[in-house]
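For reference, the chains in residue letters:
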Amino acid sequence: MRVTSFMVQNNGIRNLNKNYQTIDKLTYQGSTLKKVQFASDSPIDTVNQMKFKGEALKLDQYLTNITDAKSWLNTIDSLLAETKESLQRARILTVQAGNDTNSASDRAFIAEEINQILETLVEDSNSTIGDSFLFGGTEILDSPFNEKPFKITRGTSQDADGTMKNVILDVEYVGDYKPVYREIETNSLIQINENGNELFMAAPNVVQIPKTVQSASQSLSELNGVSSGGRGYFSINDELFYFDTDKDSLMDLKNLINARDVGVDAEIDGQLTGKSVLFTDPASALGFSGTFKINGKELSVVASDSAVNVVSKINALTSSTGVSASIGTNENIVLDGGVEFSFSKESGVQTILSDLGLVDFSKITSYRNFPASNSQTDVKGGTFEINGTAVSIADNASVDDIVNAINAAGPSGITASVDAATNQVILSGDLTNLKIRDSGNDASLTSNVMTELGFLTKSGDIKLNIDAANVTKNYNLKITSENYHQIFLSDVKDSHFLRDAGVITGAPNQKSPNNITNAAQVEKRTIFDVLIKLRDDLLNNNATDLNGVDLGYIDGALNNIVARDSAVGAKVNRLESVASRLGTLKLNNEELLGNAEEVDYTEILTKFQQMQNVQTAALKINAQIMQMSLMDYL
Amino acid sequence: MLTSFGGIDLGYSGLQANQQALDVTGQNIANAGNEGYSRQQVIMTATTPLYGVGVGQFGTGVTVSKIQRIRDVFIDNRIISENKSYGYWSKMEELTHQLELIYNEPSEHGLQAVMDDFWTSLENLTNAEGTAEQAAARSIVIENANTLTSTVSSMYEQMQELGGNGSYAGQKNAIDYEIYTDIKTINGYAKELASLNGAILTAQGINQEPNDLLDRRDQIVKELSQLANITVTNRDADDYKVTIGGMVLAQGTNYYQIETKTDAEGKMRLYHSANGIEIKPTDGELKALVEFRDDILSYNMEGLNELAITFTEVFNEIHRTGFGLDGSTNVNFFEAIPTQTGGGIYKLTATNYMPYATTALNGNASTTEPENFEKRVQRESTSANVASGYSSINVNNKFSEAHFAAAPEGSSKITISVNGKTYTSDRLSAYSSVEEFLNKVNSSAVLSGEGVSLTYDNVNDKFIFSVSNCNSDATINQVQEDGVTFEPNGFWTSANIEYNAAISYDNVSDRNQISTNNDGVVDFKDKRLSINGYTIYYDGSVDSLQDIVNRINETKCGVTANIDPTGRFTLTATKDNDYKILSLEDNGNLLSTLGILSKGHGYFGSVTGESSIMTNRIMRQPIENAAFAFSVSEDIKNNVNKFAAIGGVDTNLDGTPDESNGPGDNTNSLKLANLKYNVYLNNGTTTFNDYYSSLISKIAVETKTAASNAETKEALINNLENLQASVSGVSLDEEFTNMIKFQQGYQACAKFINTLDEMLDVLMGLGK
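Top line first, the protein sequences correspond to chains A and B. If you're matching positions, the first sequence starts at 1 in the working numbering and goes up one per residue. If you're matching positions, the second sequence starts at 635 in the working numbering and goes up one per residue.
Everything labelled a hint here was simulated from the structure, so no lab data went into it. Even glycine gets a Cβ: it sits at the ideal position worked out from N, Cα and C. Some clues are possibly wrong.
Capping the alpha-carbon separation at 30 Å, the derived lysine-lysine pairs in DSS-like fashion look like this [stated by the list, open to error]: (1) B:Lys1161 x A:Lys34; (2) A:Lys25 x B:Lys1347; (3) B:Lys1305 x A:Lys53; (4) B:Lys1161 x A:Lys380; (5) A:Lys148 x A:Lys165; (6) A:Lys297 x A:Lys313; (7) A:Lys533 x A:Lys247; (8) A:Lys297 x A:Lys211; (9) B:Lys1190 x A:Lys51; (10) B:Lys901 x B:Lys1161; (11) A:Lys297 x A:Lys435; (12) B:Lys901 x A:Lys53; (13) A:Lys435 x A:Lys458; (14) A:Lys148 x A:Lys524; (15) A:Lys18 x B:Lys1347; (16) B:Lys1190 x A:Lys511; (17) B:Lys1332 x A:Lys53; (18) B:Lys875 x B:Lys914; (19) A:Lys53 x B:Lys1009; (20) A:Lys25 x B:Lys1332; (21) B:Lys1009 x A:Lys211; (22) B:Lys1310 x A:Lys51; (23) A:Lys493 x A:Lys511; (24) B:Lys1310 x A:Lys571; (25) B:Lys914 x A:Lys53; (26) A:Lys620 x A:Lys571.
Interface residues of chain A toward chain B, partial, derived using beta-carbon atoms under 8 Å [to be verified]: (27) Phe6; (28) Ser40; (29) Val47; (30) Lys51; (31) Phe52; (32) Gly54; (33) Leu59; (34) Gln61; (35) Asn65; (36) Asp68; (37) Ser132; (38) Lys178; (39) Val180; (40) Gly287.
Using the sequences and the accompanying hints, generate a full structural model.
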């Protein structure tokens, strides 16, 4: 091939240029120690850098958050330890003061010390970190203008033997129960404050509906003051519960509340006192038999059973029914707890419950109340059966329509009528073996009317009303906080069930948990209440309580503090283990980031040296070639 | 037989030939550095010999028959064809690298670093304790947000200047300007080609070798080939043709021009001057320019737009539900992205709030929880989405019958308008009592026809106009007193009229009325939504709202579903269809119960079709250059306390928190900080960081590909050029050698003539 000097020179220059490009890159890498100048140098490293840098920031942030959270929790931990010691001291003093050798003045001295403990605890309960209260939720910041989460009322505590002036008479929690969180891992939050209304409680909070109804299965509208047609939501500890005052009973509410995990237990409080029946000796055989259901649990009575046997059979089911039985003073059976009797659709209604004196057996009544017997209802039309006789009704049939339809179909031995006062449907006649079916317990039927009216339970059993005339009973619903905390109750939006039921006050500015009426507040005891009572008992020389309830109250307070303190300790441990895990992740991530971002300096130096040699050689050769030309020799 | 002087002629021809050869050598040396020059070679031929008797033929000398251009046409063709793709890739490398520089990643100042700073400052705010620390942390968040927005909009602006649609600030964008310049060059070359063709033809016609003209033509073709996809055909010497995309640029002495026009989108397009057909460059620099502008750059600009739009929307959604230190709520953190007037629908938010998003729509009948969807949906009772009417209107003024009696002659009339129809009473002085007034008003055809009645509240002494028939569509629009006011003054004046705007859905209906089936249960089985033509089945007995949201997002139908922080179902168009929801249908009652679409109606993208949309929470298509508008809202800039770090409680159960948690709370800033982990982009699959990373990795790979292709092609071209140079290139050594050769030849010829001269002298001397 013919080669000209220009070709040689051009190629030489091109090669020199290429070398310079490599040297340029190496110089950049060598002087910045960075692998990538432009994203296109290495798209993968670029994206990795972005990813690992973000990861590094995230991990650093979490570690900062954890340190911060630990400082909160450690502060809380030490305060709780102090509180625990104070309460233990109070306990020792109480035991000491209970000794009958103490005179009134001895006790007054001890009262002074208890009062000091109280003052310290109140002070501690209002502790802050930065501007924030450790136990006050999020609503208040510490500033001279704000009140503190534990509001105290001072006054004079006076008695026969001594007077204490300007002492704490009442401590009210006005903070909120909002948690303060730190994010310690992706989507993992840890609460770093403690709620004052949980921490400083000495007993579970108990709230009840202060009004009673005749049957736990009756519509809520039977509660005095609760009107028919009410529907909506109320909330317990900020969880919503739907109610319908016509369709729901206390029993329904109880089941509903217990089915959800909102930190409270609900129970029906009340007693059914059966009417006196025909046994003279509770241990003798009753002579009648049958099968019925109590709160959905089936129970069979055989002829040889005595009243005692029946009672123990009922008690055997207590854990699932919530009902306990005993023999009453009038040769009767007494049932504690909310009761709903029913019969399976196969067995039909039986006389056993009437025999036991627990229900009246002349009629059964639907549970659902209606405002008028001739207005439309929300029932679905179609067919249902009473004792095997089909009855057909139209959609939205009124109570009157339903009664007329039943009577027109004429089920054997049964007559329907309307209760003029409540517009309930009454079925009377020969109720033995009465069987009722609708779409609620038989899919081949089309109407749900018997379920809607409340003749059938939600599981399709035939429900038996407990007649008011023969047995005494009154039921209410009681809810107890699972842990020590105040229960937050409120009506939601436009509904007013809790207010109507007398549980919460209607006053517009009363916020939870200070909105519970006195009648509904069964038990609410704070550590401060315990100490105040203790101090006052000491001042009043109330030896009975000092040796009695006071000690129990202090133990309650101590138990709570100890439990909360260990929970805080557990949180700190968790933080530490997360922190150590994140630390490892951080190291790994730093290595990955290093790989993506930084050059291997040795490699760069070596490469640079190589390039330098190459370039020096190239330059020398080029210089030589440039000189060469025939012209020089002419 | 030779003449005596024949030898001198012969010598002279040698002198001339060598001189000409020396000239050509000179020309070669002079053009040694001229790219595109082909070395020339003198072809010498012996002149026609003479016949000498007995001795055969005598030579008569030499002549230069041809000055030949040494060039390999085959290599030329290879160069032309490789040059096109070299032009494409090297230009592409240049352009993608420019874009890469705009992104400026990886660096401490790129968008990634700025976003990271922003998220970090949010986290720090979350941890801030105490008023002073809080205030500082808030300012930092807002400063970082400013940096974030200005980084995005400045990147966008640079991209716009590089090659955005249309002219930018009166200037052509850089790419269009380059296309324009290239076209001018091409047009100039076309013209020159035509004139060269003419000159070459003429020269060849008189049997000359137009070597330098041919070189020039080859050079032009080579340069053209780098710019665009040209083809050269040279079947006839007189029909040298250069075409671009099959359309003639120059043929013989004819040439055409390429014209540039800006299309409707504002992009510069190329057209052939003769037939107006659009030329789409398929190779060369022009292809790189057009492709980069239309595909790569616009993809990246759209990417930034999507980032800005989505960031603004989701950040604001959460920010609005939080509370500032001053108690403010419902404040936008970022300025809402401006929307196009009359644009399509970008986002629909349900009117109604659904508190149970994760349980099956029809619930569980075994508890007393509301057993169906209908009951769980919390309706909004604001009048905003109801027709502009009222369910009842009270006239609150103490009133006694005496007033009618006392009404003076000529006192005013009462008008009431219902559903657009108006009823006007007689003058008040015509009535003697309230009862008479009521009877007259209520018996009027207009009011009774529209289901409105007037009652008089004896206890509070006021008139009440109300819609009496619950099933009627009536709304009262206005009640007013017409004309002169009678004593006591201002009876019907606006101050005394109370409009009961809160219309319950049960009472008054209009197109926005919530309609349900009989039992308000979401229809079971085989019910389906159709979004943009994609079908999404749902079954109220098993699916929760969240399930349906997930299913919609799985289809990637160009609409993303979400449940916003106020518990409302939202449908948001993605950039796939230019941020527009194309169609929406539901053959069940899910969308109607949520308050998005009227039952039994569909939305098909037209403006008139919007009457079937129930919600008034409609956001239209964002403007085209949304990333420009990305900015922190004025409210926040002016008052750091409005930054909603604090969460709240929804006390009235409408989904929107209405009561602030208090200044120590950080729940909302936690939520905002957590946005960085949430997937909102790419049909709900990608986080902001990942989305941005993918933009970067895409352009990085594109640049890298272009660079490595350009390098390969360059090497190839270099080799080909070396090949061509080895054929056509001037070698100085060779020329010097030739020079000496021709010089010696010349000297020898001169010597020959001299010798002949001496011979002739001798011959002449004989005659003396």
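Practice task
Could you tell me which of the numbered hints above are not met by this structure, giving the numbers in increasing order?
Solution key: Checked against the structure, the hints that fail are numbers 1, 7, 10, 12, 16, 19, 25, 26, 31, 33, 40, while the rest are satisfied.
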